[in-house]
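> Those protein sequence lines, which keep their order, are chains A and B. Just so we're aligned: 206 in the numbering used here is position 206 of the first sequence, and the numbers increase by one with no gaps anywhere. Quick note: to get the numbering used here, add 257 to the position in the second sequence (first position is 1).
FYI, nobody ran anything at the bench for these hints, they're computed from the structure. Any given hint could turn out to be false.
If you want the ones that stay clear, here's a sample from chain B, every Cβ over 10 Å from chain A, calculated [said to hold, decoys possible]:
| hint | residue |
| --- | --- |
| 1 | Thr372 |
| 2 | Asn386 |
| 3 | Phe431 |
A few chain A residues facing chain B, derived, Cβ under 8 Å [as the list claims (entries may be wrong)]:
| hint | residue |
| --- | --- |
| 4 | Arg75 |
| 5 | Leu78 |
| 6 | Pro82 |
| 7 | Pro89 |
| 8 | Phe99 |
For glycine and all other residues, C-beta sits at the position ideal for the given N, C-alpha and C.
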Amino acid sequence: MALVETRSLVKRFGDFTAVDNISFSVNRGEVVGFLGPNGAGKSTTMKIISGFLEPTSGQAFIAGHDSHKDAIAARRHLGYLPEGAPAYPDMSVAQFLNFIAAMRGLTRAQANDRLAELVERIELKEVWDRRIEALSKGFKRRVGIAQALVHDPDVLILDEPTDGLDPNQKYEMRELILALAPSKAIVVSTHILEEVEAICSRALIVARGRMLIDATPAELMAMSPEAEAHSAPKHETAHHSPLDAVFRHITRDHRDH
Amino acid sequence: MRMLSLIFRREWMACFATPLAAVFLLVFLILSSGMTFFLANFFERGQADLSGFFIWHPWLFLILMPAIAMRLWAEDRRTGVIELLLTLPVPTWQWVVGKWLAAWAFAGLALLLTTPLWVTVNWLGTPDNGVILASYLGSWLMAGAFLALASCMSALTKSQVLAFIGATAVGFIFVMAGFDLVLSAVRSWAPAVVTDAISSMSFIQHFQRITEGVFEVPALIFFFTLIGLSLWLNVLIVDLKKAD
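All chains, full assembly: derive it from the sequences and hints.
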């Protein structure tokens, strides 16, 4: 059974169709990269899967539970990092994570053990007693990740987990996601293509609410216009990886829909 | 129940996260006692009771309750935390009730801090303490109704200022409903049923009956029903507006 599944998801806001018939599934051990330009419908799709938004039509499932009709059961299996990593600004990191742990049903002893582990792993020790509103963007993002991992969920949905992090932090975040991958089903949205190469076992490319491609990074590379021109991909230049070329190639055709 | 008490505690703490709580309590104490002594002429009346204190509560609450409740939902919507809350395995109604309960408890604290007035009248004379207790409970109940309405308005917007203005406007309608000024304007064109319906929505009339020492079951039913309906509406509004 797929841990995450969407069936023909459609979401309209008035006349605007933000998500247009998106279906995919994610199994345990997979890291699926959700790729697309800004406004492509990535966040909206993730909000529907998490149960925050209701789809206009179609269904989303987490661990077999409909994320609307059976929302509470579905949410128990979900760790979710919303866009922008929101958290209570007036709480300290310690208060906030303890609150989330308690809301997730952990006992005080369980929460202490789990949070001690997460603090090590996500390196939150130095900001543990600081108020969240006083944190840098990088630390805020890490608090958001910690919050999503508190109950060791089967499913992780992370909306731009590396946004606002410096290169070192990005690297660490990717290492963390890779380390978590074998035991979970993970969906990550990004608009950074190198991230897909680094961590994803599959990439879904969306533009204007439609899913254009569901392929492995290697298959994506093979679609590169450069790969068509030459037998082997060219060396990467500083700003244009082969995937960038694929991405532009694919989304360009869909700009005038 | 565990989740509800966690939400309550978190919101209760949030009340005191800024100096705003202290400022609020101070303003409430100054205004409520100031009105009692200067506007209601507490000493000149020569009666040992607190009616000159309670009579101002509908008007005080009209401004002060929206100030407590404006934060409840608007702030979570502005910071985006609402997306986190509503994807935790807790139904929406528990958030609505937990937040409202915390605000109501805070209003209760403000009322508790006025007990020196009650001590004073007992020192000056022999008031009917039963009436005073009933008045306190009635006042707290009315505060709860103001807060439930204000919480609804807070869920409608991301701006605390708009939430405050909206809540004051709605509260004003409920306060004014019992006045002849309003009723006579309606009476001239509407059937008696409508006029009666409007006057029966009046906060002041229901509250006054409680402070007169009549054990008023209809007044209690009125406030509890209004709180229940407002919180139910609050859940609907949250679900409808959360993503805007």
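> All hints are to be evaluated individually against the structure, with a verdict given for each.
Hint check results:
The claim that threonine 372(B) lies off the interface holds: its Cβ sits roughly 29 Å from the closest Cβ of chain A, which is beyond the 10 Å cut-off. For asparagine 386(B), the shortest C-beta to C-beta distance to chain A comes to about 40 Å, beyond the 10 Å cut-off, and the non-interface label holds. The non-interface label for phenylalanine 431(B) is consistent with chain A: the shortest C-beta to C-beta separation is roughly 31 Å, beyond 10 Å. Because the closest C-beta pair between arginine 75(A) and chain B is about 4 Å apart, less than 8 Å, the hint holds.
A cut of 8 Å between beta carbons decides the hint on leucine 78(A): the least distance to chain B is about 7 Å, and the hint holds. Restraint check, proline 82(A) versus chain B: the minimum CB separation of about 4 Å is within 8 Å; hint holds. Interface restraint check for proline 89(A): the shortest CB-CB distance to chain B comes to about 6 Å, inside 8 Å, so the restraint holds. With a cut of 8 Å, the hint placing phenylalanine 99(A) at the interface with chain B holds, because the nearest CB-to-CB distance is about 6 Å.
Violated hints are absent here; each numbered hint is respected by the structure.
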